[in-house]
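Given these sequences and hints, build the entire structure.
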Amino acid sequence: MDITSRTVFLNIVRFFFLIFFQVLILNHLNLGGYINPYFYVFFILLLPFETPRWLLLLSSFFLGLGIDLFTNTLGLNASASVLTAFARPFVISIISSGTESLIGNTPSLKNQGLKWFLYYTISLVLIHHFALFYLEIFRFEEFFQTFVRLLLSSTFTILLILISEYLMYPKTK
Amino acid sequence: MQNLFEFLRKHYFYFLFLLLESLSLFLLADYNEFQRSSLYSTSHAISGSVNNVFSSISEYFSLRKTNKVLVEELAKLHSRLPEAYYQTDTVSHYRKDSIISLEYKYISAKVISNSTNKRNNFLMINKGKIHGIQNNMGVIIGNKIVGQVISVSPHFSWIMSILNKDSRVSGKFKKNNQLVNVEWIGGNYRKGQVKEIPKHIVIMVGDTIITSGNSDIFPEGLLIGTISNFTIAQDENFNNGEIFFSTDFNSLGYVEVVIDIMRAEKEELKASFKSQ
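Note that the protein sequences, when read in sequence, are chains A and B. Residues in the first sequence are numbered from 388 upward in steps of one, following the working numbering. Residues in the second sequence are numbered from 24 upward in steps of one, following the working numbering.
Source of the hints: derived by calculation from the structure; they are not laboratory data. Note that the Cβ used here is the ideal one computed from N, Cα and C, for glycine as well.
Here are some, though not all, of the chain B residues that point toward chain A, as calculated from beta-carbon distances under 7 angstroms:
no., residue
1, F40
2, E44
3, L48
4, L51
Far from chain B, some chain A residues (derived; all Cβ distances over 10 angstroms):
no., residue
5, L397
6, V400
7, L432
8, F436
9, K497
10, W503
11, F517
12, F531
13, L546
Here it is, written out as structure tokens:
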């Protein structure tokens, strides 16, 4: 397999794995009644830099829709995911200084370094969770309560992503 | 026209985003409408079949929640058992409805802190004053005793476990209704002491001890334990025994708090007797 079809295959596998991991395991995790990580957003983060933008939007849309089918919240995760995918190119261009940061095929802790990857992950996870949590309640009465939930869940999602990164690239340099 | 296409091509990313985002929001906002459409049945067929395959796995992850629902249901059923009702025989010539009236109510609660390895053990549960819990209410699990509420905050309660030096449960032999006291002297959390068994009672290993209903804490007939050992005292009026608690205090998940609806009346009666 050449590198392109290998990347495509890897992302398709990741797409389904993350959906099932989310709906079968993480959605049943409700730590302290507050924390519910949405780890599936990792898929959007890990799409290659060279992904066509239409594919970025469409795959994220179907990713969210896949989650929605299982949680009976049609459109909720889809809209949050599409927004995240839309924001991704802008986040990348804001946090990258010149093209030299964009080495490698996909965004990763190893290639871009901890600082870059942290900015990248935190921005996108917060955008995603913000859209998700506020669309879910769809009113501002519980603004602060939701904000706490949002921050706690985001923290947990970001931690899960960082742990996965470290597991994928154990101790380099 | 040429310019329009050029414009669309150049900014397709924005338009595609707007399209997908509005589609999602439309689905989200118009979900009820969507449920009636044929698209819904198709999508449900897909997710349904996948869910079917994985339900045996995902069921496992919701066991805790299912368990909680079951315990709450059990508490409701307990409230409807004959034992939960107070017999008002004297008014039986009135309306049929008033023969019995509710005496006990049960509230299920989750144990969020527990110990069995100290001399004085306490539990904390996740229900409190706003759920109707007050001091001195009994706490049970199924038909077995756990302890007594000693302190309540709006959302939580402290329970004094039977495994406590201040705990004294009024029990009786199931076979002949002879009253005894059950205490715990520390050590093994499954074994307690039965005090003040009258001399003339024939004790056998395996005799069941149940709550007497004499204290206002527990309803009558709850399981305390079974006699596992006893000694015949030579020069005292009472024999002592060892009891094996029916309750496994080390594995309490959800418990029920017993609310005695007629407690105020009973206390009033006692107070009026004392003040005479």
